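Chains as they are written, first to last, in my numbering: chain A, 228 to 518; chain B, 228 to 518.
Hints may be right or wrong, so weigh each one.
Each computed SDA-like pair below joins lysine to any residue, with the alpha-carbon atoms no more than 25 Å apart [said to hold, decoys possible]: (1) A:Lys-471 with B:Arg-405; (2) A:Lys-272 with A:Asp-246; (3) B:Lys-471 with A:Asp-246; (4) B:Lys-471 with B:Leu-495; (5) A:Lys-471 with B:Pro-258; (6) B:Lys-471 with B:Asp-425; (7) B:Lys-272 with B:Pro-359; (8) A:Lys-272 with A:Gly-464; (9) A:Lys-272 with A:Arg-325; (10) B:Lys-471 with A:Asp-447; (11) B:Lys-471 with A:Arg-238; (12) B:Lys-272 with B:Asp-235; (13) A:Lys-471 with B:Leu-332; (14) A:Lys-471 with A:Ala-508; (15) A:Lys-471 with A:Val-429; (16) B:Lys-471 with B:Gly-500; (17) A:Lys-471 with A:Gly-324; (18) A:Lys-471 with B:Glu-334; (19) A:Lys-272 with A:Gly-424; (20) A:Lys-471 with A:Asp-447; (21) B:Lys-471 with A:Ile-493; (22) A:Lys-471 with A:Gly-500; (23) A:Lys-272 with A:Gly-239; (24) B:Lys-471 with B:Arg-367.
Label pairs and their computed distance ranges (CB to CB) [claimed, not checked]: (25) A:Ser-333 with B:Arg-325: 55 to 65 Å; (26) B:Asp-289 with A:Asp-425: 25 to 35 Å; (27) B:His-499 with A:Pro-270: 10 to 20 Å; (28) A:Arg-323 with B:Ser-396: 34 to 44 Å; (29) B:Leu-249 with A:Ser-396: 21 to 31 Å.
Don't read these hints as lab results, they were simulated from the structure.
This structure is a prediction, so every number in the text was calculated from the model and none was measured.
Even glycine gets a Cβ: it sits at the ideal position worked out from N, Cα and C.
This is what each chain is made of:
There are 2 protein chains.
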Amino acid sequence: MTGGAWLDEVRGVVDAELDRRLPPDHAEPTPLYQALRYALLAPGKRFRPALVMAAGRWLGLDPQDLLPAALAVELIHTYSLIHDDLPAMDNDDLRRGRPTLHRALSEDVAILAGDALQPMAFEWLMECRAEPERRVEALRALARAAGPAGLVGGQVRDLHPPAHESGVSADDLLALHRDKTGALITAAAVLPAVLAGDAEAVARLTRYGQAVGLAFQITDDMLDVAGDQLLMGKATGRDARQGKTTFVTLHGIEGAQAIAQQELAIALSQVHGASADALHALATFVVERDH
Amino acid sequence: MTGGAWLDEVRGVVDAELDRRLPPDHAEPTPLYQALRYALLAPGKRFRPALVMAAGRWLGLDPQDLLPAALAVELIHTYSLIHDDLPAMDNDDLRRGRPTLHRALSEDVAILAGDALQPMAFEWLMECRAEPERRVEALRALARAAGPAGLVGGQVRDLHPPAHESGVSADDLLALHRDKTGALITAAAVLPAVLAGDAEAVARLTRYGQAVGLAFQITDDMLDVAGDQLLMGKATGRDARQGKTTFVTLHGIEGAQAIAQQELAIALSQVHGASADALHALATFVVERDH
Numbered sequence: 228m229t230g231g232a233w234l235d236e237v238r239g240v241v242d243a244e245l246d247r248r249l250p251p252d253h254a255e256p257t258p259l260y261q262a263l264r265y266a267l268l269a270p271g272k273r274f275r276p277a278l279v280m281a282a283g284r285w286l287g288l289d290p291q292d293l294l295p296a297a298l299a300v301e302l303i304h305t306y307s308l309i310h311d312d313l314p315a316m317d318n319d320d321l322r323r324g325r326p327t328l329h330r331a332l333s334e335d336v337a338i339l340a341g342d343a344l345q346p347m348a349f350e351w352l353m354e355c356r357a358e359p360e361r362r363v364e365a366l367r368a369l370a371r372a373a374g375p376a377g378l379v380g381g382q383v384r385d386l387h388p389p390a391h392e393s394g395v396s397a398d399d400l401l402a403l404h405r406d407k408t409g410a411l412i413t414a415a416a417v418l419p420a421v422l423a424g425d426a427e428a429v430a431r432l433t434r435y436g437q438a439v440g441l442a443f444q445i446t447d448d449m450l451d452v453a454g455d456q457l458l459m460g461k462a463t464g465r466d467a468r469q470g471k472t473t474f475v476t477l478h479g480i481e482g483a484q485a486i487a488q489q490e491l492a493i494a495l496s497q498v499h500g501a502s503a504d505a506l507h508a509l510a511t512f513v514v515e516r517d518h
Numbered sequence: 228m229t230g231g232a233w234l235d236e237v238r239g240v241v242d243a244e245l246d247r248r249l250p251p252d253h254a255e256p257t258p259l260y261q262a263l264r265y266a267l268l269a270p271g272k273r274f275r276p277a278l279v280m281a282a283g284r285w286l287g288l289d290p291q292d293l294l295p296a297a298l299a300v301e302l303i304h305t306y307s308l309i310h311d312d313l314p315a316m317d318n319d320d321l322r323r324g325r326p327t328l329h330r331a332l333s334e335d336v337a338i339l340a341g342d343a344l345q346p347m348a349f350e351w352l353m354e355c356r357a358e359p360e361r362r363v364e365a366l367r368a369l370a371r372a373a374g375p376a377g378l379v380g381g382q383v384r385d386l387h388p389p390a391h392e393s394g395v396s397a398d399d400l401l402a403l404h405r406d407k408t409g410a411l412i413t414a415a416a417v418l419p420a421v422l423a424g425d426a427e428a429v430a431r432l433t434r435y436g437q438a439v440g441l442a443f444q445i446t447d448d449m450l451d452v453a454g455d456q457l458l459m460g461k462a463t464g465r466d467a468r469q470g471k472t473t474f475v476t477l478h479g480i481e482g483a484q485a486i487a488q489q490e491l492a493i494a495l496s497q498v499h500g501a502s503a504d505a506l507h508a509l510a511t512f513v514v515e516r517d518h
């Protein structure tokens with residue numbers, strides 16, 4: 228199996244389920260559901276849901292029982308993209324190859340659609356089939372990944388880096404991305420093990436997720452330098468224009484590539500056996516993707 | 228007991244606990260915790276936490292077991308105020324008598340602080356002492372109140388009212404406020420009963436919360452016309468300047484006052500006995516307050 232094939236398979240299931248849960252003729256006569264559909268049904272890789280489903284496959288769990296967790300993680304990711312794109316944040320016009328939500332509709336609706344996605348994510352997560360105490364633990368894992376010690380904390384640190392005379396250090400950059408992109412990717416990998424109550428799998432998938440998250444960000448930095456704007460579906464070369472510290476500015480393209488390969492090796496070493504095929508394929512996909 | 232006395236008592240506990248949980252010397256060297264402290268420790272009525280604790284008192288629950296639920300509701304309320312005040316929304320300069328968060332710090336940090344408060348609320352709610360399945364139900368209740376069928380849905384409808392030739396009807400206004408302010412107030416009243424697994428109390432506190440929420444909004448509308456900007460801690464008279472439909476424009480001051488009194492009577496009729504004193508006092512406070 229290739230990572231692309233697994234992504235395609237999960238994308239089909241996830242897109243159909245999102246479409247089912249957000250009917251176009253929804254009773255709600257406001258722009259909110261229009262905004263939610265626009266953002267959630269945009270063409271996306273569905274990488275985080277694919278991680279959830281791949282980890283579930285490794286653990287031998289029923290995919291249906293995990294689907295709400297896969298959707299929940301995608302909802303948190305989508306809200307973070309909507310808010311990151313806002314004028315007061317990255318001020319982006321293009322996302323997933325289309326106008327960003329605040330450009331397509333309006334800024335207030337974009338803020339509120341993002342706000343709606345968070346409680347939706349936590350509510351949907353509770354639909355997973357698992358013992359209530361496991362669902363409570365899963366909620367904690369996702370909330371921590373989304374909160375001040377995760378995604379939001381990393382985003383604040385990215386926009387307002389701690390002031391050092393020497394600029395952003397390699398450690399700062401690792402900490403930033405551990406929170407900004409790593410926390411949610413790690414949560415995606417870990418949630419199935421939390422729901423199954425398998426402590427050893429939680430530990431292995433945590434290390435797997437952290438390595439994959441870091442490899443993902445390093446590859447993003449390399450693609451921002453070398454990637455094709457059309458394939459990426461968003462502006463490229465911005466890091467350099469903004470004078471941003473990235474894995475490429477700190478370590479060069481070859482140095483960054485070497486770290487990504489190390490992280491891939493760490494990820495692959497965490498999970499073994501035939502049922503780990505999708506986890507292996509996704510980790511490999513991350514460092515080999517061209518968008 | 229007066230509503231004011233109960234609010235004072237709960238405020239002391241809530242403020243101390245928020246201060247304890249958000250230490251000023253937090254390890255996080257970014258503006259995020261500064262923003263969270265600024266927003267959460269601003270002088271507030273703590274009306275929703277007071278409702279949580281009053282409902283718990285009625286049910287004979289240990290206040291310590293409920294405190295995380297009281298904080299969770301206040302976190303959701305605080306995030307909604309931060310985002311409502313943003314330039315793309317109500318564009319307010321003043322909140323609780325001080326500059327709004329985006330004026331005091333910056334717009335990006337205000338958006339992100341609001342974003343951080345949601346997962347924090349759901350994570351903190353899980354700290355309530357109750358069976359895991361009750362905590363899952365409590366999570367669902369709070370998430371629904373915060374989401375598209377609650378607070379966010381109401382806010383979207385307020386900013387983008389459904390287009391009727393005849394303007395906003397009395398039914399539209401009721402539906403708007405049922406979601407925008409009523410859903411979270413109702414959740415605050417109901418959470419203790421959900422955590423206790425008491426279905427009859429859930430039903431009674433739902434009706435109580437809906438009535439109190441409506442009375443609260445009607446009184447807000449009256450105070451916007453007649454209230455003192457200094458006491459309110461925010462601009463007054465804005466509804467009229469914006470040509471907004473309110474309970475006062477639809478029913479006049481006396482008509483609005485009469486509806487508020489009807490709702491108060493409904494709220495009072497739901498809960499009985501000596502331990503309902505705080506719930507009664509808060510409902511009465513809502514229609515008699517001057518800010």
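Quick rundown of the hints versus the structure:
| no. | hint | result |
| --- | --- | --- |
| 1 | A:Lys-471 with B:Arg-405 | violated (46 Å) |
| 2 | A:Lys-272 with A:Asp-246 | holds (16 Å) |
| 3 | B:Lys-471 with A:Asp-246 | violated (35 Å) |
| 4 | B:Lys-471 with B:Leu-495 | violated (30 Å) |
| 5 | A:Lys-471 with B:Pro-258 | holds (19 Å) |
| 6 | B:Lys-471 with B:Asp-425 | violated (40 Å) |
| 7 | B:Lys-272 with B:Pro-359 | violated (31 Å) |
| 8 | A:Lys-272 with A:Gly-464 | holds (21 Å) |
| 9 | A:Lys-272 with A:Arg-325 | holds (14 Å) |
| 10 | B:Lys-471 with A:Asp-447 | violated (47 Å) |
| 11 | B:Lys-471 with A:Arg-238 | violated (44 Å) |
| 12 | B:Lys-272 with B:Asp-235 | holds (8 Å) |
| 13 | A:Lys-471 with B:Leu-332 | holds (23 Å) |
| 14 | A:Lys-471 with A:Ala-508 | violated (31 Å) |
| 15 | A:Lys-471 with A:Val-429 | violated (34 Å) |
| 16 | B:Lys-471 with B:Gly-500 | violated (40 Å) |
| 17 | A:Lys-471 with A:Gly-324 | holds (23 Å) |
| 18 | A:Lys-471 with B:Glu-334 | holds (21 Å) |
| 19 | A:Lys-272 with A:Gly-424 | violated (28 Å) |
| 20 | A:Lys-471 with A:Asp-447 | holds (13 Å) |
| 21 | B:Lys-471 with A:Ile-493 | violated (59 Å) |
| 22 | A:Lys-471 with A:Gly-500 | violated (40 Å) |
| 23 | A:Lys-272 with A:Gly-239 | holds (11 Å) |
| 24 | B:Lys-471 with B:Arg-367 | violated (33 Å) |
| 25 | A:Ser-333 with B:Arg-325: 55 to 65 Å | violated (28 Å) |
| 26 | B:Asp-289 with A:Asp-425: 25 to 35 Å | holds (34 Å) |
| 27 | B:His-499 with A:Pro-270: 10 to 20 Å | violated (57 Å) |
| 28 | A:Arg-323 with B:Ser-396: 34 to 44 Å | holds (39 Å) |
| 29 | B:Leu-249 with A:Ser-396: 21 to 31 Å | holds (27 Å) |
Violation of the numbered hints given earlier is confined to hints 1, 3, 4, 6, 7, 10, 11, 14, 15, 16, 19, 21, 22, 24, 25, 27; the remaining hints are satisfied by the structure.
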